[in-house]
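Next come the chains, spelled out residue by residue.
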Amino acid sequence: MSSEPDAGVLAVLAGLPGGNPRRLRVLLDHHEPADALARLIAGRPLHPMVERAWGGPSGELRGEIRRAAATGSVAEAADWCARLGVGVMARADPAFPAQLQVDPDPPAILFWQGDLSVLDARRVGIIGTRNATASGRATAFELGHELAVGGVTVVSGLARGIDGAAHRGVRSGDGRAVGVVANGHDAPYPKPHADLWEWVGTDGLLLSEWPPGTTPEPWRFPLRNRILAALCEVLVVVESRERGGSLITARAAADRGVEVMAVPGSPRNRACTGTNALLVDGAAPCTSVDDVLAALGLDHRRQCELPFDPRPEPDDVEQQVLAVCGEAPSTLDTIVSTLGIDVAVAAMAVARLERWGRLVEAGGWFEPAGSRLERS
Amino acid sequence: MIASVQSATILGARGHPVEVEVHVGKGLPSFLMLGLPDESCREARDRVRAAVTTCKYDWPDTKKVTVNLAPPVVRKSGSGLDVAIAVGLLTACGVVERDAIAGLAFAGELGLNGEVRPVPGVAPMVGVRPELDWVVPARSLAEARVACRGRVRPVANLTQLIEALNGVAPWPTIDEPSAVAVEPEVADLADVRGQPHARLALEVAAAGGHHMLLVGPPGAGKTMLARRLPGLLPDLDPQVALETTMIHSAAGVPLPAGGLIARPPFRAPHHTSSAGSLVGGGSHVLRPGEASLAHGGVLFLDEMGQFAPKALDALREALEDGRIMVGRVDHLRVPIPASFQLVGATNPCPCGGGGTPGACECDERSRARYIGRLSGPLLDRFDLRVAVARPAVGELLDGAPGESTAEVAARVALARRRALERNGCLNAELDESQFQDVAVLDDGGAALLRGEIERGRLTARGYHRIRRVARTLSDLAGAVDAVVAEDFVAMAFGMRARVGASAVVQAAS
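Protein chains in written order, with the numbering used here: chain A, 1 to 376; chain B, 1 to 509.
Keep in mind the hints are simulated off the structure, nothing from the lab.
These figures come from a predicted structure and were not determined experimentally.
Glycine residues also receive a C-beta, built at the ideal position from the N, C-alpha and C atoms.
Treat the hints with care, as some may be off.
[Stated by the list, open to error] Derived pair list, reagent style EDC-like, types lysine to aspartate or glutamate, alpha-carbon separation capped at 16 Å: (1) Lys191(A) to Asp38(B); (2) Lys191(A) to Asp174(A); (3) Lys191(A) to Asp363(B).
[As the list claims (entries may be wrong)] Heads up, incomplete: computed chain A residues facing chain B, CB under 10 Å, no partners named: (4) Arg62; (5) Ala271; (6) Cys272; (7) Asn276; (8) Trp365.
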C-alpha cells in the first residue's frame with residue numbers, strides 16, 4: 001500500500017516542524033507533493049497563497065522547515081512506513097475518507113493502518129476522561145460491547161481510562177474499531193494499551209495525522225480530537241471533569257453538527273462534572289445503549305432476553321451501601337457515618353458486595369463496579 | 001604510683017566496663033593516653049589538668065603520666081571518663097587513699113572549673129556494673145538510680161568529690177534537680193470527630209500490636225490519629241522500660257521525672273532523615289537511631305513515601321528482628337533493641353486531592369510513581385492499611401466527641417490480656433503454626449478467605465495478616481473461644497486497603 005512513490009515525500013512533509021495541518025493543507029492545495037518538497041529544500045518561491053500561510057520566503061519558520069526538509073530522507077521515510085504496514089494518503093487520494101474530505105478543518109495527510117472499509121459502517125465515538133471511576137470504565141465497556149454487537153463501528157482515542165475501556169468492550173463484542181491517535185504508528189501510546197493498539201491496527205483502522213517517529217506531545221491531542229469528532233455520527237462522552245480534552249472533542253463535534261450525548265452521573269462524583277455540564281448545555285442524555293442506537297436511527301429492539309444474573313439480590317443494608325457508593329466513591333468511614341450503621345455490619349456488606357462484583361475497592365475507596373447504563 | 005579506677009563507656013545503647021589505669025612515674029614530663037580514645041576522649045587530658053589545678057590540687061609537672069583505658073580493643077568516645085581519669089591521677093599522686101576508691105565507679109565530665117557535668121548514657125554506663133557504688137553528676141541522679149543496685153553518689157564538683165573520698169566532708173546530698181523532659185501532653189482520642197472506621201483501626205492496632213498504614217489526603221487527620229496511639233497502649237513492662245530508658249539515655253534524650261521511661265515513646269522523625277539517623281550508627285559514636293528510640297512504643301513516619309528508599313530499607317531489619325545490629329570495622333558489632341510499632345502515613349498521590357477515584361488531578365503514571373516508592377516488601381509489613389477521608393464539615397462542627405482514650409485503652413488492655421493469656425504473645429506476632437489452635441475460622445470466614453484467594457486478590461502472606469487482624473477484632477469484641485467469626489474476617493478485610501503500584505494499575509485497566 002505504501003508502494004506509492006509519494007509515500008516518502010508525504011511522510012517527510014507531514015513531519016516538518018511547525019506541525020500545522022492548515023499550512024500543510026494550503027501547501028498541498030497549490031503544489032504537487034514532490035514539487036512542494038523540492039521547492040522547500042531549494043528555497044524556491046511557493047505560490048503566493050502558500051507564502052502567506054508560511055510567513056514568507058525569508059521567515060524564521062521557513063528556514064527551519066527548509067533545514068528539516070533537506071535532512072529528511074524520502075526513501076527512509078517511505079521504507080519506514082512500508083515496514084510498519086502504514087498507508088499514507090493525501091487529500092487528493094480517492095481513498096481519503098469522505099467524512100474528512102468534507103470537514104472544515106481536514107488533515108492534509110493521513111497515515112493509516114488496517115482496513116479503511118471500517119468507516120463505511122455506522123460510527124459512534126466513545127470518549128471520556130483518562131482518570132475514570134470503575135463504573136465509568138464499566139459503562140464505556142458495556143457501550144462499546146453492545147454497539148459492536150449491533151454492528152456499529154466505535155471511534156475512540158485509545159487513551160487510558162474511558163477510551164481504552166470502550167475499545168476493550170468492542171473487542172469483546174468482536175466488533176470493528178477506529179482509533180485516532182496523536183503520535184506515529186511506530187510506538188503504541190499509552191504503553192499499557194499496546195495490545196489494543198495492535199488489535200485496532202489489524203482488525204480495525206488506526207489513523208494518525210503524523211508520520212512514524214512522532215512523539216505524543218500534549219499539543220497534538222486537541223488536534224487529534226477534531227479528526228475523531230469528524231469521524232463519528234454520534235459522540236458519547238462517558239465521564240469528564242469540568243475541564244478536559246473530552247470537552248474539546250465534544251465542542252468540535254457540536255461544531256460539525258455531530259450529535260453529542262453524555263452519560264449522566266452523580267453531581268458529587270467529580271468525574272461526572274463535565275458530562276453533567278454537557279447535559280445542561282443541551283447534550284442528549286445517554287442512559288442506555290438504546291439511546292445511542294435510536295440516535296443513529298437504528299432498530300433498538302432487543303433480539304434476545306437479558307442473560308440471567310446468578311448473583312443474589314442485594315439485601316437492605318447492601319442496597320443502602322450501594323446507593324452511598326453510587327453517589328460518590330466512599331471509604332468505609334463515609335459509609336458508616338452516612339448510614340449510621342455498625343462498622344462490622346458495613347464491613348460485612350462491603351465484603352459481600354465486593355465478592356459478587358458489585359463494588360470494587362482501590363486504595364480503601366469503594367465504588368460501584370457495574371455500568372451506569374440501564375438494563376432495558 | 002599506680003592507680004586503677006572503675007568506669008564505663010557506651011557502645012550503641014549498652015555500657016561497656018572500662019578500667020582507667022593511671023601511672024605516674026619517672027621520665028620526660030608528658031601525659032599519654034592509651035586504649036583507643038577518640039578525639040573527644042583524648043581532650044580529657046586538658047580538661048582534667050585544668051580542673052585539677054583550679055581545684056588547687058598539685059599536678060605532677062615533673063612526672064610522666066600514662067593513662068590506659070582498658071580493655072584497649074574497645075574504642076572509647078565522649079567525655080564520660082573525665083572524672084575517673086582525674087580520680088585515678090589524684091590517687092596515683094597520693095592525694096586520695098587507694099582504699100577510698102575500692103567498690104566505687106565514676107562517670108561524668110569535668111569542666112575547667114572543676115564542675116562535674118552530666119554526659120549522655122549514664123544509665124547504660126551504670127547498668128553495666130550495677131553492683132558498684134556509682135559517683136555520677138548531680139543532674140544525672142535519677143537516671144543512674146534506674147540502673148544501679150548499689151548506692152548512687154551525686155557530686156557537683158571535683159573538690160566535693162575528693163573531700164568526700166578523703167573523709168574530710170560527708171557525701172553531698174542532692175539539692176540540684178535532675179534534667180527532666182517536659183512531658184508532652186497526651187492527646188485524647190475524644191478530639192477525633194467522626195471517622196469511626198479509622199478509630200476502630202487505631203484500637204485494633206493498639207490491641208494487637210499491628211503495624212498500620214494510613215492513606216489519605218492532607219487534612220484527613222492521619223497525624224492526629226497516629227499521635228493518639230501511644231495513649232491507648234499499656235505501660236511498658238519493666239524489662240522494656242529499662243531498655244528504652246538505656247537507649248534514650250545513651251542518645252542524650254532528656255528522661256522523664258522518675259528517670260525511668262514507663263510510657264511507650266512516640267517518635268516522629270522527619271522525612272528527610274537519613275538511614276543513619278533512623279536506625280542508628282555514625283562513624284565514631286554508635287548513636288541509637290529513631291527506630292531504637294521508639295523501642296516499646298510507636299515510630300510514626302509521616303509522608304512515608306518521601307523517605308529515602310535506603311532509609312526505609314534499613315528499617316526492615318528492625319521490623320524483622322526487633323533490634324538493629326550496628327557495626328563499624330573498628331568497633332564491635334552491637335545490637336541495639338528496636339522493637340516498635342510502625343505507623344506510616346502517606347498521601348495517595350502527589351496532588352493530595354486524594355485517592356477518591358476520578359477526582360484527582362494526577363495522571364496514573366505520577367500516581368503510580370508516588371505510591372510505588374513504598375516497596376512491596378515494606379507494604380507487606382502493614383497488617384492494617386486504612387484509607388482516611390477528610391471528615392465532613394458537619395461532623396467537625398456538630399459531631400459528638402468520640403470515646404475518650406481512657407475508655408478505649410481499657411478495652412485494649414483487656415484484649416491484650418486475652419491475647420497474651422491465650423497465645424503468649426500479641427496477635428501481630430502470632431506464628432502461622434499457631435492459627436489452628438488460637439484462631440480457627442468459622443465456615444463463613446473460611447469461605448470468604450478462600451473466595452478471595454481464588455480470585456487472586458489475596459496472597460499467602462496477606463491471608464495470614466487478615467487472620468491476625470481478625471483475631472484481634474475478635475478479642476476486642478470479647479470473644480473468648482478460639483473461633484474467629486465471619487464478621488471479624490470481613491472487618492479485617494475492610495482494614496486492608498489495596499495500596500501501591502499494583503492497585504493503581506488495576507484500577508486503570
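TODO: Please verify that hint: Trp365(A), Cβ, nearest Cβ of chain B, below 10 Å or not.
DONE: Holds. Min distance 6 Å.
Open item on the list: Tell me if the interface restraint on Arg62(A) is satisfied: Cβ within less than 10 Å of some Cβ in chain B.
Closed with: This hint is violated: Arg62(A) lies away from chain B, its Cβ roughly 37 Å from the closest one there, beyond 10 Å.
- [ ] Classify the hint on Ala271(A) as holds or violated, based on whether any CB of chain B lies nearer than 10 Å to its CB.
- [x] With a minimum Cβ separation of about 3 Å from chain B (threshold 10 Å), the hint on Ala271(A) holds.
TODO: May I ask you to test the interface hint for Cys272(A) with respect to chain B, counting a Cβ-Cβ separation under 10 Å as satisfied?
DONE: holds (8 Å)
Task: Evaluation of the interface hint that places Asn276(A) against chain B, nearest CB under 10 Å - done: For Asn276(A), the interface hint is violated, since the closest Cβ of chain B sits about 13 Å away, which is over 10 Å.
Open item on the list: Against the 16 Å threshold, does the CA-CA distance of Lys191(A) and Asp38(B) hold or violate the hint?
Closed with: violated (57 Å)
- [ ] For the pair supplied as a hint, Lys191(A) and Asp363(B), confirm whether the alpha-carbon distance does not exceed 16 Å.
- [x] Given pair Lys191(A), Asp363(B) holds - Cα atoms ~14 Å apart, limit 16 Å.
TODO: Assess, step by step, whether the Cα of Lys191(A) is no farther than 16 Å from the Cα of Asp174(A), and give holds or violated.
DONE: violated (23 Å)
Of the numbered hints listed earlier, those contradicted by the structure are 1, 2, 4, 7.
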